[in-house]
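Heads up: the sequence lines are chains F and D, in that order. To convert, note that position 15 of the first sequence is 15 in the numbering used here; the numbers rise steadily by one, no gaps. Residues are numbered in the numbering used here as their position in the second sequence, beginning at 1, plus a constant of 1000.
These are calculated hints, taken from the structure and not from any lab test. Hints may be right or wrong, so weigh each one.
What the hints assert, rightly or not - Counterexamples of contact, computed for chain F against chain D with all Cβ distances above 10 Å:
| id | residue |
| --- | --- |
| 1 | Lys-47 |
| 2 | Glu-68 |
| 3 | Pro-122 |
| 4 | Glu-245 |
| 5 | Arg-255 |
| 6 | Thr-275 |
| 7 | Arg-276 |
| 8 | Val-290 |
| 9 | Pro-306 |
| 10 | Arg-350 |
| 11 | Ser-355 |
| 12 | Ser-360 |
| 13 | Pro-415 |
| 14 | Ala-418 |
Unchecked claim - In silico DMTMM-like pairs for lysine to aspartate or glutamate, Cα to Cα no more than 20 Å straight-line:
| id | chain 1 | residue 1 | chain 2 | residue 2 |
| --- | --- | --- | --- | --- |
| 15 | F | Lys-366 | D | Glu-1110 |
| 16 | F | Lys-126 | D | Glu-1260 |
| 17 | D | Lys-1076 | D | Glu-1133 |
| 18 | D | Lys-1129 | F | Asp-70 |
| 19 | D | Lys-1064 | D | Glu-1078 |
| 20 | F | Lys-242 | F | Asp-299 |
| 21 | F | Lys-34 | F | Asp-359 |
| 22 | D | Lys-1104 | F | Asp-217 |
| 23 | D | Lys-1055 | F | Asp-359 |
| 24 | F | Lys-8 | F | Asp-299 |
| 25 | D | Lys-1129 | F | Glu-91 |
| 26 | F | Lys-243 | F | Glu-145 |
| 27 | F | Lys-177 | F | Asp-144 |
| 28 | F | Lys-366 | D | Asp-1264 |
| 29 | D | Lys-1055 | D | Asp-1070 |
| 30 | D | Lys-1076 | D | Glu-1110 |
| 31 | F | Lys-243 | F | Asp-266 |
| 32 | F | Lys-446 | D | Glu-1215 |
| 33 | F | Lys-326 | F | Asp-359 |
| 34 | F | Lys-34 | F | Glu-46 |
| 35 | F | Lys-446 | F | Asp-359 |
| 36 | D | Lys-1137 | F | Glu-109 |
| 37 | F | Lys-80 | F | Glu-101 |
| 38 | F | Lys-242 | F | Glu-109 |
| 39 | F | Lys-326 | F | Asp-266 |
| 40 | F | Lys-34 | F | Glu-101 |
Quick reminder that beta carbons are idealized off the backbone N, C-alpha and C, glycines included.
Residues per chain are reported as follows:
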Amino acid sequence: MYKGQRWKLIVTLIILGASIWYIWPSLRVYTMSKQQFAALPAEQAEKLRDKALRLGLDIQGGMHLVLEVDRTGLNEQEAKDAVDRAREVIENRVNQFGVTEPLIQRQGENRIVVQLPGLLDPQRAKTLIGQTALLEFVIVKTPDETRALLDRLDAAVATRVPAASDTSKYPYFDPAKPISSRMLSLEKGGVFFAEEDLPDVQTFLSAIGADTVTMLDSRLLWGSEAAFMQGRAGKILYFLEKKPELTGAEVATARVGMGMDPERPDSPGVMLNFTRRGATIFSRVTGANVGRQLAIVLDGNVRSDPVIRQRIPRGEASITGSFTDKEAADLSIVLRAGALPAPLNVIEERTVGPSLGQDSVQKGIKAGIIASIMVILFMLIYYRFSGVISIIALVLNIWLLLAVLGAFHATLTLPGLAGIILTIGMAVDANVLIFERIREELRTGKTVARSIEFGYQRAFRTILDSNLTTLITALVLFQFGTGPIKGFAVTLSIGLIANMFTAVFVTKIIFDGIVARRRLETLSI
Amino acid sequence: MLRIFGDLDIKWMRRRKFAYMASGALLAISIISLIAHGGPRLSVDFTGGTVIEAKIEPPQHADKIRAAVDRAGIGKPEIQNIGEGGAYLFRLGLLELKTNAFPKIEAAIESSVPGTTVTLLREETVGPKIGSELRNKAVWAVLIAMGGILIYVGWRYEFMMALGAVIALFHDVLMTVGFISVLNIELSLTVLAALLTIAGYSINDTIVVFDRVREQSRLLRRENFERVIDISVNQTLSRTVLTVFTVVLTIVALLIWGGEVIRDFAVAMLFGVSIGTYSSVYVASALALDIRGTGTTKLRK
Chain F
1 MYKGQRWKLI VTLIILGASI WYIWPSLRVY TMSKQQFAAL PAEQAEKLRD
51 KALRLGLDIQ GGMHLVLEVD RTGLNEQEAK DAVDRAREVI ENRVNQFGVT
101 EPLIQRQGEN RIVVQLPGLL DPQRAKTLIG QTALLEFVIV KTPDETRALL
151 DRLDAAVATR VPAASDTSKY PYFDPAKPIS SRMLSLEKGG VFFAEEDLPD
201 VQTFLSAIGA DTVTMLDSRL LWGSEAAFMQ GRAGKILYFL EKKPELTGAE
251 VATARVGMGM DPERPDSPGV MLNFTRRGAT IFSRVTGANV GRQLAIVLDG
301 NVRSDPVIRQ RIPRGEASIT GSFTDKEAAD LSIVLRAGAL PAPLNVIEER
351 TVGPSLGQDS VQKGIKAGII ASIMVILFML IYYRFSGVIS IIALVLNIWL
401 LLAVLGAFHA TLTLPGLAGI ILTIGMAVDA NVLIFERIRE ELRTGKTVAR
451 SIEFGYQRAF RTILDSNLTT LITALVLFQF GTGPIKGFAV TLSIGLIANM
501 FTAVFVTKII FDGIVARRRL ETLSI
Chain D
1001 MLRIFGDLDI KWMRRRKFAY MASGALLAIS IISLIAHGGP RLSVDFTGGT
1051 VIEAKIEPPQ HADKIRAAVD RAGIGKPEIQ NIGEGGAYLF RLGLLELKTN
1101 AFPKIEAAIE SSVPGTTVTL LREETVGPKI GSELRNKAVW AVLIAMGGIL
1151 IYVGWRYEFM MALGAVIALF HDVLMTVGFI SVLNIELSLT VLAALLTIAG
1201 YSINDTIVVF DRVREQSRLL RRENFERVID ISVNQTLSRT VLTVFTVVLT
1251 IVALLIWGGE VIRDFAVAML FGVSIGTYSS VYVASALALD IRGTGTTKLR
1301 K
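Could you put together the complete structure from these sequences and hints?
See below:
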């Protein structure tokens, strides 16, 4: 064994050793049953999973969301921070929700990608992630103030909204009092409108739009739930102070509690504990406003409007209403994690059920095995002993491909799996090129050793050029790709690079070893 | 030693006019099909919209499902029975992204066809913005890939040969798009991946022939370029056929056993790889010959 040969062998062994090191965690994770994995200590399981190949959502099932941060109405600095802030908040929420291996990434200028493996309730996930969750505690105007504000609102609507004075359809409404003549009652701080009048009132209010706040020095917000008055269904409009006394930023913890609403003892609510600062403010505000109503506002809807009976020094509050258990649990998560700095829009959503992924993988693996067997048989029949060498290279090619994927903790997607299977077909190409070339050299009457030497030398340039050009398209695909397609580009690229090593470098070592050991007169090729 | 071909002496380039005609005819069919269908049939990935794949047990007639779903208040989705075992595909236009269509479909079917259960296999919703972005990106991806190859091959070989190679590549991709259109297969992200892989494969094959041309033109200085190409194609023919064979073996395995998700990918690949092999000889080499003339100017390197 001459010098260069030993050096090559050492390189190969190092690469082999490294590949075993990198593939080992994946092998363990995916050959273990679910129960075995669950039995592992949490820390060890986490470590193992971190080092193993990830399975794409299209394989294990789950949800892929792309959200766009709506930055209208933010100033420059806020807009700059909004996306990163939003990402942190989402990460907090998702972590508290308890999804294994979530992926939350900023993408480009104003997008966030969220991947939730194994989660199959898209509606719930979207509310959990997309809810702004801006919680505010706002004092409700007194009934007298409200009455005065209603008068001013009437005047404004009557003069500025022409449709409001058109009473031909509803002769019983006073054209001079388009709002207050439609209300059914004014109780405490809330103005009740019946269901059938809601569209009109809402149109009028939106017609004067944002001006209402400045005009009336007050915020107008709707109650979040349907209310009932005199046997009719409708909604309550609240007149609130402009500035909130306290926001969700002062909430330290939130948890689900029961029996906080005497009217609904069986339905769950959310218990809030304020931070120390929040508790001080809350204590002062409740002390100064005994007898008035405090509206609890979530994302611009009034959730409840309790009357302050006395000063509340302990810094606790609760949100009640008709929640299901899940809704209450999700709301408490969202409040703990904090509010989003800006609203989010879902612009892409992909959900894959676990059965489809399982099925596709099983089929993919079956196709891969059959393809391998066919290719191996063909190489054996056509090239006989040299075929064996190319099969060693092929197996090593796939093995290295998996090891590199494991080393980068890459995600294996279905198109990625197709890429691996395709690699099986393309990997032998390099060997076919070399072998055909060696045959040509043999035919010109060269010795076995020289034919091998020339064959490799001449075929190498072809292989390099052809693999590099294919690599160009694979890299473009990677740049372009989203999710699954990226997975395909990755496996294809790594497959090509590994191919240069296994099909050229490794097979050459084997041939050289054989030629050096025994002086071959003929070569089985 | 098993050999598929002995020493060959086929005059490939002499018949290139026929090949041009055949390519022209196939391209015409592709373009006519594309025009008749109003462009390639784009999937939701590119148009925006919602696709739902659901399993309905026991399997029902598509008309029955259609009648139920039409009442669900989500418009009139296109419904297609795919594969065995009651899997159905629902294609919906652009809905507001906040609404989840599956619960509505589920409720509508389970209530109007008693005794059925509906399970979600996958649901994909793509907003119009992402759709048009992906469309742009796809076109750019193909153009950049071709540009990159043009530069690399132009640098390693000769600009005229690179031009032939890139035209061949474009020929293969366009024809595969046409073929997909004839079969009425959707152009999805997966099929796009197939198209770019075909581009990669096509160039790979072309390079093998070109490499031999480069080598032979140095050895056979007296021969004209046409003869050099013929000799090179003959010498590399067994490799070409063997490699196509192994690649086609794996694609056929994917096609038969790979399942629904991979099928369109495999169909496109199978066609593209076959065309790619043909085009290395009859488009890339033949065009290089016609563009640069028959003289054996020195090939670089």
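Quick rundown of the hints versus the structure:
1. The claim that F:Lys-47 lies off the interface holds: its Cβ sits roughly 32 Å from the closest Cβ of chain D, which is beyond the 10 Å cut-off.
2. The beta carbon of F:Glu-68 sits about 8 Å from the closest Cβ of chain D, which is not more than 10 Å, so the claim that it is off the interface is violated.
3. Annotated as non-interface, F:Pro-122 brings its C-beta within 10 Å of a C-beta of chain D; the closest such distance is 5 Å.
4. Every CB of chain D is more than 10 Å from the CB of F:Glu-245 (nearest about 31 Å), matching its label as outside the interface.
5. Under the 10 Å C-beta cut-off, the non-interface status given to F:Arg-255 relative to chain D holds; the minimum distance is some 28 Å.
6. Against the 10 Å criterion, F:Thr-275 stays outside the reach of chain D, whose nearest CB is about 33 Å from its own CB.
7. With a least beta-carbon separation of about 38 Å from chain D, F:Arg-276 lies farther than 10 Å from that chain, consistent with its non-interface assignment.
8. Interface exclusion of F:Val-290 from chain D stands, the closest Cβ pair being 41 Å apart, more than 10 Å.
9. Against the 10 Å criterion, F:Pro-306 stays outside the reach of chain D, whose nearest CB is about 31 Å from its own CB.
10. The beta carbon of F:Arg-350 sits about 5 Å from the closest Cβ of chain D, which is not more than 10 Å, so the claim that it is off the interface is violated.
11. Listed as a non-interface residue, F:Ser-355 fails to keep its Cβ farther than 10 Å from every Cβ of chain D; the least gap is roughly 7 Å.
12. The beta carbon of F:Ser-360 sits about 5 Å from the closest Cβ of chain D, which is not more than 10 Å, so the claim that it is off the interface is violated.
13. With 10 Å as the threshold on Cβ separation, the claim that F:Pro-415 sits away from chain D is violated: the shortest Cβ distance comes to roughly 6 Å.
14. Not every Cβ of chain D is farther than 10 Å from the Cβ of F:Ala-418; the closest lies at roughly 5 Å, contradicting the non-interface assignment.
15. Between the alpha carbons of F:Lys-366 and D:Glu-1110 the distance comes to roughly 34 Å, so the proposed pair goes past 20 Å and is violated.
16. For the given pair, F:Lys-126 sits about 29 Å from D:Glu-1260 by alpha-carbon distance, which is inconsistent with the 20 Å threshold.
17. For the given pair, D:Lys-1076 sits about 26 Å from D:Glu-1133 by alpha-carbon distance, which is inconsistent with the 20 Å threshold.
18. Note on D:Lys-1129 and F:Asp-70: the hinted pairing holds, with a Cα-Cα distance of about 14 Å set against a maximum of 20 Å.
19. Under the criterion of a C-alpha separation no larger than 20 Å, the hint pairing D:Lys-1064 with D:Glu-1078 is consistent with the structure, at around 13 Å.
20. Distance restraint check for F:Lys-242 and F:Asp-299: the Cα-Cα separation of roughly 15 Å lies within the 20 Å cut-off, and the hinted pair is therefore satisfied.
21. Restraint check for F:Lys-34 and F:Asp-359: the C-alpha separation of about 18 Å stays at or below 20 Å, so the hint holds.
22. A distance of roughly 43 Å separates the Cα atoms of D:Lys-1104 and F:Asp-217; the hinted pair therefore is violated under the 20 Å criterion.
23. Among the hinted pairs, D:Lys-1055 with F:Asp-359 is consistent with the structure: their alpha-carbon atoms are about 13 Å apart, no more than 20 Å.
24. Restraint check for F:Lys-8 and F:Asp-299: not satisfied, since their Cα atoms lie roughly 66 Å apart, outside the 20 Å limit.
25. Between the alpha carbons of D:Lys-1129 and F:Glu-91 the distance comes to roughly 25 Å, so the proposed pair goes past 20 Å and is violated.
26. Our distance criterion of 20 Å between C-alpha atoms is met by F:Lys-243 and F:Glu-145, whose separation comes to about 16 Å.
27. Pair hint F:Lys-177 plus F:Asp-144 holds up; C-alpha atoms about 17 Å apart against a cutoff of 20 Å.
28. A distance of roughly 18 Å separates the Cα atoms of F:Lys-366 and D:Asp-1264; the hinted pair therefore holds under the 20 Å criterion.
29. For the hint linking D:Lys-1055 to D:Asp-1070, the alpha-carbon distance of about 18 Å falls within 20 Å, and the restraint holds.
30. Only pairs whose Cα atoms come within 20 Å are accepted, and D:Lys-1076 paired with D:Glu-1110 is accepted, the gap being roughly 18 Å.
31. A hinted pair counts as satisfied when its Cα atoms are at most 20 Å apart, and F:Lys-243 with F:Asp-266 does not qualify at roughly 34 Å.
32. Annotation: proposed proximity of F:Lys-446 to D:Glu-1215 holds, straight-line Cα distance about 19 Å (limit 20 Å).
33. Distance check on the hinted pair: F:Lys-326 and F:Asp-359 sit about 31 Å apart at the alpha-carbon level, beyond 20 Å; violated.
34. Between F:Lys-34 and F:Glu-46, the direct Cα distance comes to roughly 14 Å. Compliance with the 20 Å bound is thereby established for this hinted pair.
35. Simply put, F:Lys-446 and F:Asp-359 have alpha-carbon atoms about 53 Å apart, too far for the 20 Å limit, and the pair is violated.
36. About 17 Å separates the Cα atoms of D:Lys-1137 and F:Glu-109, which keeps this hinted pair within 20 Å; it holds.
37. Between the alpha carbons of F:Lys-80 and F:Glu-101 the distance comes to roughly 28 Å, so the proposed pair goes past 20 Å and is violated.
38. Between F:Lys-242 and F:Glu-109 the alpha-carbon distance is near 33 Å, which puts this suggested pair outside the 20 Å criterion.
39. Between F:Lys-326 and F:Asp-266 the CA atoms are separated by roughly 14 Å; this keeps the pair inside 20 Å, and the hint holds.
40. With a C-alpha separation of about 16 Å, the suggested pair F:Lys-34 and F:Glu-101 falls inside the 20 Å cut-off, and the hint holds.
Violated hints, listed in ascending order, are 2, 3, 10, 11, 12, 13, 14, 15, 16, 17, 22, 24, 25, 31, 33, 35, 37 and 38; each of the other numbered hints is respected by the structure.
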